[in-house]
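Engineer: Next come the chains, spelled out residue by residue.
There are 2 protein chains.
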Amino acid sequence: MPREITAYSNPLIKRVRALREKRHRREEGLFLAEGLRILTEARESGRLPEYLFFARDSAGHPLVRALIADVETAGGEAIETVPDILSKLSGKDNPQAVVGVFAEFATSLETLDRHSAAIWLVAERLRDPGNLGTILRTGDAVGAGGLILVGECVDPFSVEAVRASMGALFTVPIVQAGWAEFLPWLRAGPGQLVGLSLDTDQDYRAATYHAPTFLLTGNEAQGMPAEYAAECDLLVKIPMLGKADSLNAAVATAVMAYEVLAQAKPSPR
Amino acid sequence: MPREITAYSNPLIKRVRALREKRHRREEGLFLAEGLRILTEARESGRLPEYLFFARDSAGHPLVRALIADVETAGGEAIETVPDILSKLSGKDNPQAVVGVFAEFATSLETLDRHSAAIWLVAERLRDPGNLGTILRTGDAVGAGGLILVGECVDPFSVEAVRASMGALFTVPIVQAGWAEFLPWLRAGPGQLVGLSLDTDQDYRAATYHAPTFLLTGNEAQGMPAEYAAECDLLVKIPMLGKADSLNAAVATAVMAYEVLAQAKPSPR
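Note that the protein sequences, when read in sequence, are chains Y and D. To convert, note that position 108 of the first sequence is 108 in the working numbering; the numbers rise steadily by one, no gaps. To convert, note that position 56 of the second sequence is 56 in the working numbering; the numbers rise steadily by one, no gaps.
Fair warning: there could be bad hints in the mix.
Identical chains blur together in the list; that is why a pair holds if it fits in one copy or across any two.
[Said to hold, decoys possible] Taking lysine to aspartate or glutamate and the DMTMM-like style, the derived pairs with C-alpha atoms no more than 25 Å apart in a straight line are:
| no. | residue 1 | residue 2 |
| --- | --- | --- |
| 1 | Lys237 | Asp201 |
| 2 | Lys243 | Glu160 |
| 3 | Lys92 | Glu152 |
| 4 | Lys88 | Glu21 |
| 5 | Lys14 | Glu72 |
| 6 | Lys265 | Asp245 |
| 7 | Lys88 | Glu160 |
If you're looking for bench data, these hints aren't it; they were derived computationally from the structure.
Whenever a hint applies, use it, and build me the whole structure from the sequences.
Structural biologist: Below, the structure written as structure tokens:
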């Protein structure tokens with residue numbers, strides 16, 4: 001039987017709320033994910049929250065019932081609560097029906113099988129959590145093998161990143177690695193490193209991609225360092241016809257990834 | 001000579017801060033834009049702020065000096081202030097060097113010349129200001145003729161939308177129109193209405209686009225209403241190889257827009 005929490009002052013509520021801050025996530029090894037769609041994606045990917053908070057009103061929903069049952073079977077705790085507390089946990093005025101507290105997880109470079117996918121995404125010093133989540137969501141859509149975060153990137157377990165990923169956080173493997181660790185791993189096997197750059201005349205659609213392709217996107221404001229660009233097998237640019245000199249990082253990654261996908265799997269015409 | 005404001009309690013500071021809320025923007029007909037890059041884009045597009053706030057430290061920067069001079073020549077006011085007040089105006093811990101208060105502007109359907117561009121973006125009930133700004137930024141990059149916002153969309157003059165547009169708010173015409181107004185206007189001349197949909201087998205890369213192409217993106221959560229889809233000349237889908245059933249709206253718009261652009265201007269191979 002789920003227990004019920006209706007008081008803001010409950011210590012567990014305070015602890016869960018604190019997971020909105022990176023420092024507390026690191027201390028606890030836990031993170032927040034909200035919403036029935038994302039939690040169901042997690043469940044279908046074999047990840048269940050350690051704590052599941054749900055609104056009384058939503059307890060009858062078949063997907064909420066399934067979540068509660070699976071969480072309790074797995075030894076987690078399902079906790080009935082009120083909309084105000086769900087709002088407080090999610091930091092949104094319109095609370096989600098469910099909020100889950102998950103154990104953080106990590107994938108290492110060594111466990112990646114580069115032959116398992118034609119496309120791999122690599123982001124370097126990505127700063128915006130919305131961009132990170134959106135890139136994960138795109139990675140899921142193009143069948144990317146994973147997202148490799150190089151250097152000081154924003155935390156993939158931040159509330160904003162998890163939200164923007166729409167569940168892809170649970171389906172797309174994420175590796176955090178330094179450049180000095182990534183590059184030797186990459187060069188130890190086949191793999192075309194393709195960098196998005198403003199300093200090339202090579203149009204992204206006129207280039208030829210070879211699987212496995214590793215698409216490298218640089219920092220939102222500065223792009224990638226020159227020494228990273230020098231290591232790329234191919235630098236490509238996306239045409240910019242207007243006044244601005246760059247696209248949003250998640251948009252640029254997606255335009256590139258869909259071009260690579262189209263070359264990998266030509267569409268019927 | 002610029003005047004100086006260093007007190008939070010200054011009535012102008014309070015008034016400008018209030019522009020973070022839509023209600024106050026509508027009452028005043030004013031909105032906020034921040035950052036030297038965006039304000040310089042605005043200036044180069046012929047739009048100057050009515051009030052320009054700048055940090056003392058940055059007054060020596062050539063682009064800040066140019067902004068101050070142009071604002072004063074145009075009859076606006078340049079106001080020197082302190083970093084804390086700039087933070088307060090922009091709502092960010094790391095304040096931008098400049099914050100501008102601009103008059104809202106509007107473009108009507110009647111003034112659009114559909115023959116002036118191969119691509120036009122149409123968004124329906126777009127809810128997320130970051131998506132709106134990112135779509136504007138993409139629109140600038142693909143040389144779109146404008147962004148037509150159909151139905152109840154998020155305010156393009158919100159701080160988040162302006163920020164995500166990276167200045168494209170000032171370079172890409174924005175029209176707000178009802179569907180009942182947009183459709184007759186569209187049908188009064190040439191124009192292929194292309195809808196992004198999950199309910200079609202037509203791959204976006206196997207389809208043929210005819211300029212001027214109007215790319216219709218539906219609401220983030222629900223997509224477009226069936227009656228809008230029924231009016232489209234073409235419905236296309238972007239392949240989704242993963243677990244999720246949709247892309248981020250700004251990402252989907254960009255992937256589509258770059259395909260239309262590639263067909264309009266084949267790249268050298």
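Engineer: Does each hint fit the structure? Answer for all of them.
Structural biologist: Results of checking the hints against the structure:
1. Only within a single protomer do Lys237 and Asp201 lie at most 25 Å apart by alpha-carbon distance; the minimum there is 7 Å, versus 30 Å between protomers.
2. For the identical chains of this complex, Lys243 and Glu160 are inter-copy neighbours only, at 20 Å across copies versus 29 Å inside a copy, given an alpha-carbon limit of 25 Å.
3. In this homomeric assembly, Lys92 and Glu152 come within 25 Å of each other (Cα to Cα) only across copies, at 21 Å, whereas the closest approach inside a single copy is 28 Å.
4. In this assembly of identical chains, the alpha carbons of Lys88 and Glu21 lie at most 25 Å apart whether taken from the same copy (14 Å) or from different copies (22 Å).
5. With identical chains, the CA atoms of Lys14 and Glu72 are at most 25 Å apart within one copy only, with a shortest distance of 22 Å there and 51 Å across copies.
6. For a Cα distance limit of 25 Å, the shortest separation of Lys265 from Asp245 across copies, 19 Å, qualifies, whereas the shortest one inside one copy, 30 Å, does not.
7. Taking CA atoms no more than 25 Å apart as the test, Lys88 paired with Glu160 passes in both settings, with 15 Å inside one copy and 22 Å between copies.
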